[in-house]
Amino acid sequence: MKEKQRIEHIETALLAARHLPPAHEPAPDWQDGVMREIRRIAPPEGQELWTAPIETPLRWMVPACAAALVLLLGLNLYWNRTSELDRIEMVLTDPAAPPLTRALWLRSIL
Amino acid sequence: MFMEGAEIETDDLETIRRILEGRVDEFERLLTKYRARVFSIVLNHVPPDHADEVAHETFIRAFRSLAGYSRRHPLEHWISRIAVRTCCDYWRRRGRCPEIPVSALSEEHRAWLERAGDGGSKAECEAAAARREAAEVLDLALARIDAGSRAIVVMLYAEGRTVSEAARLLNWSAARVKARAHRARHALRKIIRPWIR
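Those sequence lines, one after another, are chains A and B.
The first sequence begins at 1 in our numbering and counts up one residue at a time.
The second sequence begins at 1 in our numbering and counts up one residue at a time.
Here chain B stands alone, though its shape is the one from the complex (with noise of 0.2 Å):
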């Protein structure tokens, strides 16, 4: 989580000044530093099996921009924004999934959309979440928005950042945030209309 006021290490600066010298090698001390931090953030937003790919992209990206890293922000804040701009990159190469018709959800899923459809009390809806279908209708209803929004409800919902903190990461303002969210959640409402029909 993001720290208001977080500082910056000396030994990143340290570092960073060496690697802009040409010491090259250097990098490999961010990379083990860093890379759980990164990996954590990467398979939230993709699936597993593309998170090498993904986290790979992230700190080539980082050594790229190395020189433009302004010392404004601890480097970990720097990385990790560089990591979720490089997902939303990936979803965004993807493209968004066709309609998914109802045939093509389980069985499972089609009796969670059933049960969770019916549930109003704050238990039943706990209850409905809790499940694994949840997760994976989820991730299909997720595949067929923009990229965008798909960081941010990922950001809000599944991590539960707050909306400053998903600013921060998507280097937008609150504001821009919120009406972002809103629309995630529109988008998501017409997803789920077909298939409860």
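Okay, chain A solo, but in the shape it has when bound (with noise of 0.2 Å):
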């Protein structure tokens, strides 16, 4: 019999598996351990749940976009000044610009 059909077959059958969730009772303390991790956490009594400090992805999405800002404005200055440098460097060393280009467009850039 080809791989592929027995792989197949395989397959349908494992999928076909339906496997009852097995019989579990939580440990006693259970309930019990869940309440006291909730009072922990709780804000102090009288205080709304409103208030209490919740994870929201705000917490640390904020630092991150305007540590990214500050990288991409970095690297944006960095490309502006090198190509710049490139330009003057361009005008510079081209034999064949006259004199008088080179004095404009320097005095343009400078």
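Note that these hints are calculated values from the structure, not bench results.
Incorrect hints may have been included.
Stated by the list, open to error - Derived PhoX-like pairs (lysine-lysine); straight-line CA-CA distance at most 25 Å:
hint : chain 1 : residue 1 : chain 2 : residue 2
1    : A       : Lys2      : B       : Lys122
2    : A       : Lys4      : B       : Lys190
3    : B       : Lys178    : B       : Lys122
4    : B       : Lys178    : B       : Lys190
5    : A       : Lys2      : B       : Lys190
6    : B       : Lys178    : A       : Lys4
7    : B       : Lys122    : A       : Lys4
8    : B       : Lys122    : B       : Lys190
Quick caveat, the model's predicted, so the values are computed rather than measured.
Starting from the two chains in their separate frames, assemble the complex, guided by the hints.
This is the structure:
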């Protein structure tokens, strides 16, 4: 029998395997454990839960976006500066450029 | 199972209001009411010895985000969604198991693979699927696929949920669930191939 066909048969049998969830009883103090942690993380009594510190992506998204923005601005400045220096170097080292062109060019950019 | 247009229980809304006002002990009502539901989901997705820990984390997450409960869907659906997401996170933390060589499979597993590969008729397939080894081999294979695909396979095939139910539980589109199921089956075939050579 072809390998592909064998794999298909196995796959069909595997996906049809309905395994019933195993019988499980949580530990006797499981619910108490959850409630203990709830009381621990809850805001002080009388204070509404609305004001409890809730983990939100904003906590890390704001500094991450700010850092990315600063990095992009820095890269942009660096790139502009480098390309300007390249242009100056090109004008100064181009033997075909007439002296007047060089002077006017340098004056315009400096 | 999810029911389209199921109503939000007013009891739940009242309990949530009290919890949000600061009476956190009221959370125990929700815990008692929904723990069976959460365990029924968790036990399908994670090994039983980790079920308590994952169910615990589900309720802690539910408590932390209770203020953000939109009241658009019944609380049971909302908690079920958190339970599925917590199970996915459990598998993400655990990471994928390394390759399982055919020598690591037991004698019974190998015999089952041999028999299941030979049987092509519906009756033969059903008989193979009903065996204990089928679920064990499936668990071994699922340990090697990513958490999202694993959740899809468990929900669509092991639990017998519909695509729309799985989509709602994972907060995905139906198209995404179908695409992911297709990829998961492809991944399963890749895992099975070296086992039958």
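- Item | Proposed proximity, A/Lys4 with B/Lys178 (alpha carbon, max 25 Å) | Satisfied, since the Cα-Cα distance of roughly 22 Å is no more than 25 Å.
- Query: Is the straight-line distance between the alpha-carbon of B/Lys178 and that of B/Lys190 25 Å or less?
  - Reply: 19 Å, holds
- Message: Does B/Lys122 sit within 25 Å of B/Lys178, going by the straight-line distance between their CA atoms?
- Response: 24 Å, holds
- Query: Does the structure keep A/Lys2 and B/Lys122 at a Cα separation of 25 Å or less?
  - Reply: 18 Å, holds
- When you check the alpha-carbon spacing of A/Lys4 and B/Lys190, does it fall within 25 Å? 11 Å, holds
- A/Lys2 and B/Lys190: Cα distance at most 25 Å? It holds: about 15 Å lies between the C-alpha atoms, which stays within 25 Å.
- Message: What's the verdict on B/Lys122 and A/Lys4, does the C-alpha distance respect the 25 Å limit or exceed it?
- Response: Holds, because 18 Å separates the two Cα atoms, which is no more than 25 Å.
- Query: Quick one, are B/Lys122 and B/Lys190 close enough, alpha carbons at most 25 Å?
  - Reply: 23 Å, holds
Of the numbered hints given earlier, the model fails none.
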